[in-house]
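Chemist: All chains should be built: construct the whole structure from the sequences, respecting the hints.
From first to last, the protein sequence lines are chains A and B.
Quick note: the first sequence uses the working numbering, first residue 1, plus one each step.
Quick note: the second sequence uses the working numbering, first residue 1001, plus one each step.
Please note: incorrect hints may appear among the correct ones.
Taking lysine-lysine pairs in the DSSO-like style, the calculated list, with each CA pair at most 30 Å apart, reads [as the list claims (entries may be wrong)]: (1) K1038(B) x K1085(B); (2) K39(A) x K1085(B); (3) K1038(B) x K1225(B); (4) K1038(B) x K1081(B); (5) K1225(B) x K1013(B); (6) K1038(B) x K1239(B); (7) K1191(B) x K1085(B); (8) K1081(B) x K28(A); (9) K1250(B) x K1225(B); (10) K39(A) x K1081(B); (11) K28(A) x K1085(B); (12) K1239(B) x K1191(B).
Because the hints were derived from the structure by calculation, they are not lab data.
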Amino acid sequence: MIGAFAINTVASFGRASIFLFQIILGFKDVILRSSLLIKELYSVGVLSLLIIVFSATFVGMVLSLLGYVTLVDFGAESSLGVLVALSLIRELGPVLSALLFSGRAGSALTAEIGLMKATEQLASMEMMAVDPIRRIISPRFFAGLISLPLLTLLFMGIGIYSGYMVGSVWLGVDEGSFWSQMQSKVDFRGDVVNGLIKSVVFGFVVTWIALYQGYNAYPTSEGVSRATTNSVVYSALAVLGLDFLLTALMFM
Amino acid sequence: MGCDNILSDTFIKIRDLHFSRGDREIFSGVSLDIPTGKITAIMGPSGTGKTTLLRMLGGQLQPSQGTVEVEGLDIASLNRKDLYKARRRMGMLFQSGALLTDLSVFENIAFPIREHYNFRESMVRDLVLLKLELVGLRGAHALMPAELSGGMQRRVSLARAIILDPVLMMYDEPFTGLDPVTLGTIVTLIKELNQSLGITSVLVSHDIHETFSIADYVCILSEGKVMAAGAPQELMESKSEFVQQFVQGKPDGPMPFHFPAGSLSNDLLGSKLEKGQHLS
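Modeler: Written out as structure tokens, the structure reads:
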């Protein structure tokens, strides 16, 4: 029983890797027909803006609030800016954006591809001598890969600003120390670039999992529902696991 | 047994085809010839693999044994590039229509042209509208697939399948679930396409009446083999019990009505007997 499970899992990884290879081979088609990529950037990236902006605002505000409450006991509230910025840039920005993205855009991609498979649209495209991987899947993959880092940057920026609004404007932390301490402690190459690298890796993994689950869904309504669930769950596990790995590599 | 006709050329040669899905053996030695320029119908009980056969003709599935030759090319042995080139000369009409839901009717039909060729927009427009005129839906060119009825979707799908003037057309259950008027339309369109454009047509269907009215040759598959083959008239007059049951739609015969089960009295009375009572 465990043997069969292990064999199936390894076979699944193998199929997913072949799938990824075929997607990457489609890069040339995506560049030549950028209208497909732009359409997907809209549906994957732009339509996720609402949830990212909202979450960033509130996460930044809560972070600032709790940070103030704790730091004020030590008289260290002038370091609030550093606290908010480093938490968001190193950790919360990439991870939360990836999780929200997988819930919103990842599940939408899985459902879309799964339904196209169930209604035989992918098979009919094959019969018209159009490779569905190059036409449908590749644009979506590269759109996800480009969108998530941009959304993460937005998350970080909005989170820090809303943190400033709560910390300085409401709670009274000195504005000058808020921003100047942040400026001296947050290192561009060490923190921001590392956060961006994390978001690129997460974008790669979340989009890959979402597209693979959709492409391999059973063509029934139960099959698509299971594929969507799997896509979100596996993405979350992968993001959190990779986050630990990357954090250990980058910040030790 | 084969679907031979020594008078016309053979477009598709299927020899000793074997295919299994998991443990179930779907084809165990199927051989047939599909003649050029005629309408050939593949029929059989549900689940015998008729749609699977169409997918093998299109190269979407590989046989475990045997060959499928279309115009002399062994489909299973083609590499990706050649397979895609061969597919451009085939058209397939899916049971569900399979239109791309985010494109309009016009864009759906223009899809194969835009993907493979770089024609001027006016030429694309002319080609698409001509094919829509053929199926009687020129006025619907701006609608989305969700706004069409099932029959109209199937007609649009047909227009899309013939847009590049294929030499082989495959129809997967084209008559299922249609009202009598649309049914008559589809039957007429299939016949006209075959006669006016000389397209070799392979039709998979359950519908005896409609299929026999347009097919030139009929093959009946069952249990992985070709059970009967010939012109519709020959099959109607066939002495074989199996063919007679199929053609007349009799519920019981060589294909049994009952799924294999134990005795009825055991199932109904078995539990009572266990408690020590007797049948008196």
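Chemist: With reference to the structure, classify each hint as holding or not holding.
Modeler: For each hint, the structure was consulted:
1. K1038(B) x K1085(B): 23 Å, holds
2. K39(A) x K1085(B): 28 Å, holds
3. K1038(B) x K1225(B): Roughly 22 Å between the alpha carbons, so the hint for K1038(B) and K1225(B) holds.
4. K1038(B) x K1081(B): 28 Å, holds
5. K1225(B) x K1013(B): 15 Å, holds
6. K1038(B) x K1239(B): 25 Å, holds
7. K1191(B) x K1085(B): Holds, because 26 Å separates the two Cα atoms, which is no more than 30 Å.
8. K1081(B) x K28(A): 16 Å, holds
9. K1250(B) x K1225(B): Between K1250(B) and K1225(B) the Cα gap is close to 21 Å, so the pair holds against 30 Å.
10. K39(A) x K1081(B): With Cα atoms ~28 Å apart, K39(A) and K1081(B) stay inside 30 Å; holds.
11. K28(A) x K1085(B): 20 Å, holds
12. K1239(B) x K1191(B): 29 Å, holds
Violated hints are absent here; each numbered hint is respected by the structure.
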